[in-house]
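Required output: the full structure, derived from the provided sequences and hints.
Protein chains in written order, with the working numbering: chain R, 564 to 699; chain Z, 369 to 482.
Certain hints may be false.
Said to hold, decoys possible - The calculated BS3-like cross-link candidates involving lysine-lysine, where the alpha carbons are at most 30 angstroms apart (straight line), are: (1) R/Lys577 x R/Lys597; (2) Z/Lys443 x R/Lys659; (3) R/Lys600 x Z/Lys443; (4) R/Lys587 x R/Lys577.
Claimed, not checked - Covered stretches of chain Z, going by a simulated chain R footprint (3 or more residues, C-beta under 8 angstroms): (5) 370-378; (6) 430-439.
Hint data in this document are derived by calculation from the structure and do not stem from the laboratory.
Just so you know, even glycine gets a beta-carbon here, dropped at the ideal spot from N, CA and C.
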Amino acid sequence: MELTYEVEGGNFSKAGHASSSIKKVLKQLNVDPKVVKRVVVALYEAEVNVVAHAYNGIITARVEQGSVSIEVRDQGPGIPDIPLAMQAGYSTASAKVREMGFGAGMGLPNMKKNVDVLNISSQVGVGTRVELITYF
Amino acid sequence: MEISTVVSLLDARVVCGHQRLSEPLRAAFASDLMSDVLTLDTDGLVLITGMCNTQTIRTAEMSDIACVLLVRGKKATPDMVALACENNLVMLECAYSMYRTVGILYTHGLAPVY
Ligand SMILES: Nc1ncnc2c1ncn2[C@@H]1O[C@H](COP(=O)(O)OP(=O)(O)OP(=O)(O)O)[C@@H](O)[C@H]1O
Ligand SMILES: [Mg+2]
Chain R
564 MELTYEVEGG NFSKAGHASS SIKKVLKQLN VDPKVVKRVV VALYEAEVNV
614 VAHAYNGIIT ARVEQGSVSI EVRDQGPGIP DIPLAMQAGY STASAKVREM
664 GFGAGMGLPN MKKNVDVLNI SSQVGVGTRV ELITYF
Chain Z
369 MEISTVVSLL DARVVCGHQR LSEPLRAAFA SDLMSDVLTL DTDGLVLITG
419 MCNTQTIRTA EMSDIACVLL VRGKKATPDM VALACENNLV MLECAYSMYR
469 TVGILYTHGL APVY
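So this is what it looks like as structure tokens:
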């Protein structure tokens, strides 16, 4: 099964829409709740990153027997130094993002903790692609 | 501790989730930073927060947190109430400060996450 969602940069009122929808689908498919939580926490972090740091994005989730693969691709400023961005506490979040309760520099490390495979590639001035794979 | 005990100890208002008030809580976490909340993996949590926006509810939804307690007299917005109801969450509002709220719950034996 393949699901696709659009994400609007800067729009915090809609952030989480895709993650919520994918959570409902995984629950309906009777995936173990612990696995569902790991998948959707990581996806929500990625979705909020598009809202917080990029201009717009597309989420594609592929649910198969025994795995969930999610690609979050955005048009945005990109990440110049990925190992630096992966460090806990590193953040370039704006004051507006911090006011919403985000911007602690915990999102990428938390994605890494929750999924089996995290791949990030990015081109400065073009955008970022985050791939999250979970096996169950 | 049952959710209903939290309600009476704090003189809290139940905004939604009346049907779940007899459920037990295992621990509490107090934070206005959703980034930190998303790193937890404890079950049976109440999230105590003054962060009052739809992302608070989304964070609870993704983290399987059944109960959100808004402190400092914050009022849930209609968007938040709609999302909380849709996800079958318990949402409470309380007039006390964060410090007073956590002090009361801690002295009554509700455990911290760490
Ligand atoms: N999609 C993206 N586009 C551009 N930059 C990004 C993107 N995702 C992450 N970054 C960069 O990497 C940094 C670290 O990201 P991370 O998710 O760990 O923390 P954060 O989003 O700043 O805060 P938190 O996730 O704790 O709310 C960001 O501050 C930003 O500079
Ligand atoms: Mg982030």
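- Query: Keeping to a limit of 30 angstroms between CA atoms, is the pair of Z/Lys443 and R/Lys659 held or broken?
  - Reply: 21 angstroms, holds
- Are 3 or more residues of the stretch 370-378 of chain Z near chain R, judged by a Cβ distance of less than 8 angstroms? That given contact is violated, which follows from only 0 residues of the stretch 370-378 of chain Z lying within Cβ reach (below 8 angstroms) of chain R.
- Does the structure keep R/Lys587 and R/Lys577 at a Cα separation of 30 angstroms or less? 17 angstroms, holds
- Does Z/Lys443 lie within 30 angstroms of R/Lys600 when you go C-alpha to C-alpha? Given that 30 angstroms is the threshold and the Cα spacing comes to 28 angstroms, the pair holds.
- Query: Counting residues of the stretch 430-439 of chain Z with a beta carbon closer than 8 angstroms to any beta carbon of chain R, are there 3 or more?
  - Reply: holds (count 3)
- Restraint check for R/Lys577 with R/Lys597, where alpha carbons must lie at most 30 angstroms apart: 25 angstroms, holds
The structure shown violates just one earlier hint, number 5.
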